[in-house]
Amino acid sequence: MKVLVIIPAYNEELNIKNTVDNLKKVIKKSKYNIDYVVINDGSTDNTLKVCNDNKFNVINLIENLGIGGAVQTGYKYALENNYDIAIQFDGDGQHDENYIEDLIKSIESGNDFVIGSRFIKKLSNFTSTKSRQLGIKIISSIIKFTTKKKIYDTTSGFRAGNRKVIEIFSKYYPQEYPEPESVVVLLLNGLKVDEIPVNMRERKYGHSSIYLHKNIYYMISVCLSIIFTKLERGRL
Amino acid sequence: MNNRLQLFLTIIIFIQIYFIIKRIRRKKLSIRFGILWIFFTLIMEFGILFPKFIFYISDFFGFEAASNMILILFIFFLFYVSLLLSIRISKQNDQIKTLVQEISILKKEKTK
Chain H
1 MKVLVIIPAY NEELNIKNTV DNLKKVIKKS KYNIDYVVIN DGSTDNTLKV CNDNKFNVIN
61 LIENLGIGGA VQTGYKYALE NNYDIAIQFD GDGQHDENYI EDLIKSIESG NDFVIGSRFI
121 KKLSNFTSTK SRQLGIKIIS SIIKFTTKKK IYDTTSGFRA GNRKVIEIFS KYYPQEYPEP
181 ESVVVLLLNG LKVDEIPVNM RERKYGHSSI YLHKNIYYMI SVCLSIIFTK LERGRL
Chain P
1 MNNRLQLFLT IIIFIQIYFI IKRIRRKKLS IRFGILWIFF TLIMEFGILF PKFIFYISDF
61 FGFEAASNMI LILFIFFLFY VSLLLSIRIS KQNDQIKTLV QEISILKKEK TK
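Taken in order, these protein sequences are the chains called H and P.
Under the working numbering, think of the first position of the first sequence as 1, with each following residue one higher.
Under the working numbering, think of the first position of the second sequence as 1, with each following residue one higher.
Keep in mind that a hint or two might mislead.
As the list claims (entries may be wrong) - Once the Cα atoms are required to be at most 25 Å apart in a straight line, the calculated BS3-like pairs of lysine-lysine come out as: (1) P:K108 with H:K171; (2) H:K192 with P:K110; (3) P:K91 with H:K171; (4) P:K91 with H:K49; (5) H:K2 with P:K91; (6) P:K28 with H:K171; (7) H:K148 with H:K214; (8) H:K25 with H:K148.
Quick caveat, the hints were computed from the structure, so don't treat them as lab data.
Since the model is a prediction, treat every value here as computed from it, not as a measurement.
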């Protein structure tokens, strides 16, 4: 089993070293064969320099593509290099690397796609605003309505997929706010999706890419994309 | 519409067509969009030469004034062109995305 951890990073010069160093510790201890790749999404700060100075395995996108395009690059890389499992892992240090093995185990037990969830068991004191929780709940119920499957943490970016998922996401991966729609694509294509509890931390430096004033646009965009995906029956 | 006005507008139309064709010839404009714009310009010229026809059509459809009909037709046409451009841009975004991804992966493999 070859496992690839995909780490998209946009202007994460302060976080990326810690993230990868912590990840490397887990990789060393693990019984699984885990590699990682940082996708530098055309950062305007020193993210690339930090990666090169530390000899990290990095793909440098020659133009900024946004989170969707960056993550998809990782999936394409995984496809070309024959990885069996791909794991999405944020470059900002929010995701806890100790749960990577849990995700792999869940895939091994027969799931196609596993989401690291903040909500199904309280493992962290992860705080988020009321409006954000409401938003996640609305997206969750739309996914339930369109796919008959309850996903609690629809916006989690800490996820693992097997070869089938790598193939699908290499072909199609949503560009803007990709997490909820990508799950719907997998469900409508008949893949087995599950959630396991994980811990998430507060980010150390910088700010999240989802701003408050974009929330309404975010909701409309995500809801419509899910509905359109449903109308197309998940066709790629 | 008097003859002087018709002549004046016709000259403008010909200048327009000249610029469109010049751009097509220099490969600055694809033939697909060039035909669209030339076709639209010729329709305008038709209206200039035969204003009675415009009045007839607008009466037939019940517009209060022929200018209202022309305005609404223009809006529809421009709306359609903008939509066409949005579709093209979306497609090109996708193509550029694929290019950036493939080139970046290739560059990485080269340095390995």
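Checklist entry - Of the hints given before, which are not true for this structure? => result As far as the earlier hints go, 2, 4, 5, 6, 7 and 8 are violated by this structure, in ascending order.
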